[in-house]
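If you want the building blocks of each chain, they are given just below.
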Amino acid sequence: MVPTVRQQDDAVIASLAGEIDLHSSPEVRKVLLDLLAKHQPKKLVLNLGDVPYMDSSAIAVLVESLQKVRKSGGKVYLTNLQPRVKGLLEIARLDTIFVIVPGEADALKK
Amino acid sequence: MVPTVRQQDDAVIASLAGEIDLHSSPEVRKVLLDLLAKHQPKKLVLNLGDVPYMDSSAIAVLVESLQKVRKSGGKVYLTNLQPRVKGLLEIARLDTIFVIVPGEADALKK
Amino acid sequence: MVKPMVNRHIELKVTSDAANLAAVRKAVETFAATTGLSESAVNDLGLCVNETLANIIRHAYEGRTDGPIELRVEAHDDRVLIFIRDWGSGVDPSSVPQEPYDPLKPGGVGLMCIRQLMDEISYTPQPDGMLTVMSKRRT
Amino acid sequence: MVKPMVNRHIELKVTSDAANLAAVRKAVETFAATTGLSESAVNDLGLCVNETLANIIRHAYEGRTDGPIELRVEAHDDRVLIFIRDWGSGVDPSSVPQEPYDPLKPGGVGLMCIRQLMDEISYTPQPDGMLTVMSKRRT
Ligand SMILES: Nc1ncnc2c1ncn2[C@@H]1O[C@H](COP(=O)(O)OP(=O)(O)O)[C@@H](O)[C@H]1O
Ligand SMILES: Nc1ncnc2c1ncn2[C@@H]1O[C@H](COP(=O)(O)OP(=O)(O)O)[C@@H](O)[C@H]1O
Chain A
1 MVPTVRQQDD AVIASLAGEI DLHSSPEVRK VLLDLLAKHQ PKKLVLNLGD
51 VPYMDSSAIA VLVESLQKVR KSGGKVYLTN LQPRVKGLLE IARLDTIFVI
101 VPGEADALKK
Chain B
1 MVPTVRQQDD AVIASLAGEI DLHSSPEVRK VLLDLLAKHQ PKKLVLNLGD
51 VPYMDSSAIA VLVESLQKVR KSGGKVYLTN LQPRVKGLLE IARLDTIFVI
101 VPGEADALKK
Chain C
1 MVKPMVNRHI ELKVTSDAAN LAAVRKAVET FAATTGLSES AVNDLGLCVN
51 ETLANIIRHA YEGRTDGPIE LRVEAHDDRV LIFIRDWGSG VDPSSVPQEP
101 YDPLKPGGVG LMCIRQLMDE ISYTPQPDGM LTVMSKRRT
Chain D
1 MVKPMVNRHI ELKVTSDAAN LAAVRKAVET FAATTGLSES AVNDLGLCVN
51 ETLANIIRHA YEGRTDGPIE LRVEAHDDRV LIFIRDWGSG VDPSSVPQEP
101 YDPLKPGGVG LMCIRQLMDE ISYTPQPDGM LTVMSKRRT
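Chains as they are written, first to last, in this note's numbering: chain A, 1 to 110; chain B, 1 to 110; chain C, 1 to 139; chain D, 1 to 139.
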């Protein structure tokens with residue numbers, strides 16, 4: 001679960017990979033919070049194309065990251081969502097709170 | 001496990017999909033034997049690109065198909081093998097008995 | 001490949017270690033799929049088993065990783081039934097007062113999934129823990 | 001994500017129905033992966049569990065679909081151990097005379113996989129069935 005990370009202008013783009021549940025979410029949390037502390041990006045783009053599944057503990061990590069990014073006036077974009085992840089974000093009523101776009105390019109040009 | 005089947009010249013090309021174990025292999029067997037009875041092809045090309053896993057019962061089905069094709073003087077080509085399937089064919093010492101090629105095109109031009 | 005199978009069932013025993021969540025979820029999902037449950041219903045079931053087990057681990061066992069958890073999954077004509085037994089605090093989640101759900105505050109997603117996605121959910125306190133029963137209907 | 005975990009274990013109870021093979025295999029594979037076993041070793045283990053169960057279903061239970069099968073998977077420092085108990089014919093597969101392997105004749109692949117891919121395999125006849133134990137080492 002080491003994400004691929006790159007920077008472009010004021011955006012940090014991180015690609016997560018693998019199923020994220022209560023077992024793996026603490027590591028994802030650490031990685032994302034470290035990333036945010038280091039870069040304080042105006043845009044956090046999370047490419048979830050290789051995340052076929054997540055549970056509510058992963059949702060909590062996403063929300064915590066969102067709060068941090070918002071504090072520094074930024075936005076969080078979720079891209080390349082697989083159906084199960086999209087479904088869970090809808091249940092959690094987060095589909096309108098995160099900016100959900102098809103691909104990374106859509107997030108970067110916003 | 002309904003395979004996609006097409007014909008080209010004297011070849012029948014069937015794409016199987018899904019994991020094949022003792023539960024699903026009887027259906028695969030029926031499908032392949034029906035196909036062979038109907039077409040009696042000189043070339044049977046099995047595209048296993050969407051078969052991530054098989055067990056020894058699937059191997060038995062492949063061997064039975066091979067015997068039928070050989071009886072009418074034909075050959076069986078296996079294409080697009082995933083690593084686990086390739087490994088099992090090697091253990092079963094069938095990797096030199098089937099003609100294993102990268103893609104369908106390689107089988108057709110032989 | 002799918003026979004209409006009444007009474008097929010599997011049982012699992014695990015400890016309350018989050019590392020076991022994925023193995024249990026996949027066993028349940030794969031079993032449920034072979035009973036003819038639709039893919040989306042299978043996914044719902046898998047998520048809700050994950051959430052129930054995660055709550056047992058974090059709340060009923062308060063993070064202990066060695067608490068026993070037993071599951072039984074039964075295929076019936078009209079639904080798939082799941083029994084989950086734990087020997088934790090025995091607190092009934094449906095009796096814990098919940099804040100109104102706020103997507104921007106942590107917590108609440110697990111039980112909400114279960115309520116929205118399962119057709120039945122019941123918590124039956126036991127002298128030494130809890131029996132949780134959930135079901136997903138076949139359409 | 002992988003903690004070195006001695007003594008983590010899971011248990012499964014299923015019936016001798018081939019429809020259960022995939023669920024058991026995935027539970028074993030996913031569990032073994034979370035104990036740090038390499039991907040290729042995990043795959044080997046999954047295949048050999050499949051083959052052992054298939055033999056129990058076809059030979060020990062002669063195709064009966066309602067025979068009980070119990071599995072226990074244990075993570076140890078140096079290996080993953082699997083215990084498989086059945087209440088079938090109790091015939092020891094290693095004592096059944098085997099034809100020399102011929103790839104063009106049906107049969108023989110299952111036991112060959114187990115012998116080649118597992119580090120240990122033992123069959124211990126029980127008064128009412130068989131205990132099969134297999135292990136895969138961590139390197
Ligand atoms: N098995 C349980 N035992 C005790 N309390 C529980 C259990 N499951 C849920 N709860 C209570 O219900 C609350 C909401 O659970 P949930 O929706 O899963 O969100 P979260 O667990 O993230 O808070 C928990 O915070 C907890 O107080
Ligand atoms: N659990 C078992 N009980 C009784 N006999 C068995 C068992 N497992 C294997 N055998 C015997 O060993 C033979 C070889 O097994 P295997 O290599 O799996 O190939 P196959 O089962 O396809 O013949 C079987 O045909 C059977 O006679």
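One or more hints might be untrue.
Said to hold, decoys possible - Distance ranges between label pairs, derived from CB positions:
hint: 1; chain 1: B; residue 1: Arg-6; chain 2: C; residue 2: Glu-39; range: 45 to 55 Å
hint: 2; chain 1: B; residue 1: Glu-64; chain 2: C; residue 2: Gln-126; range: 49 to 59 Å
hint: 3; chain 1: C; residue 1: Glu-11; chain 2: D; residue 2: Arg-138; range: 23 to 33 Å
hint: 4; chain 1: C; residue 1: Val-133; chain 2: A; residue 2: Gln-7; range: 45 to 55 Å
hint: 5; chain 1: D; residue 1: Asn-7; chain 2: C; residue 2: Gln-116; range: 51 to 61 Å
hint: 6; chain 1: A; residue 1: Pro-102; chain 2: C; residue 2: Glu-39; range: 15 to 25 Å
hint: 7; chain 1: D; residue 1: Val-91; chain 2: A; residue 2: Glu-90; range: 52 to 62 Å
hint: 8; chain 1: D; residue 1: Asp-102; chain 2: B; residue 2: Leu-33; range: 18 to 28 Å
hint: 9; chain 1: C; residue 1: Val-91; chain 2: A; residue 2: Gly-49; range: 37 to 47 Å
hint: 10; chain 1: B; residue 1: Lys-86; chain 2: D; residue 2: Arg-138; range: 42 to 52 Å
hint: 11; chain 1: C; residue 1: Pro-106; chain 2: A; residue 2: Val-5; range: 53 to 63 Å
As the list claims (entries may be wrong) - Far from chain D, some chain B residues (derived; all Cβ distances over 12 Å):
hint: 12; residue: Lys-43
hint: 13; residue: Ala-60
hint: 14; residue: Asp-95
hint: 15; residue: Glu-104
Worth flagging that the hints you see were computed from the coordinates, not collected in a lab. Built from N, CA and C at the ideal position, the CB exists for glycine as well.
Here is what the structure says about each hint:
{"no.": "1", "hint": "B:Arg-6 x C:Glu-39: 45 to 55 Å", "verdict": "violated (27 Å)"}
{"no.": "2", "hint": "B:Glu-64 x C:Gln-126: 49 to 59 Å", "verdict": "holds (52 Å)"}
{"no.": "3", "hint": "C:Glu-11 x D:Arg-138: 23 to 33 Å", "verdict": "holds (28 Å)"}
{"no.": "4", "hint": "C:Val-133 x A:Gln-7: 45 to 55 Å", "verdict": "holds (49 Å)"}
{"no.": "5", "hint": "D:Asn-7 x C:Gln-116: 51 to 61 Å", "verdict": "violated (37 Å)"}
{"no.": "6", "hint": "A:Pro-102 x C:Glu-39: 15 to 25 Å", "verdict": "holds (23 Å)"}
{"no.": "7", "hint": "D:Val-91 x A:Glu-90: 52 to 62 Å", "verdict": "holds (54 Å)"}
{"no.": "8", "hint": "D:Asp-102 x B:Leu-33: 18 to 28 Å", "verdict": "holds (21 Å)"}
{"no.": "9", "hint": "C:Val-91 x A:Gly-49: 37 to 47 Å", "verdict": "holds (39 Å)"}
{"no.": "10", "hint": "B:Lys-86 x D:Arg-138: 42 to 52 Å", "verdict": "violated (24 Å)"}
{"no.": "11", "hint": "C:Pro-106 x A:Val-5: 53 to 63 Å", "verdict": "violated (24 Å)"}
{"no.": "12", "hint": "Lys-43", "verdict": "holds (19 Å)"}
{"no.": "13", "hint": "Ala-60", "verdict": "violated (5 Å)"}
{"no.": "14", "hint": "Asp-95", "verdict": "violated (9 Å)"}
{"no.": "15", "hint": "Glu-104", "verdict": "holds (24 Å)"}
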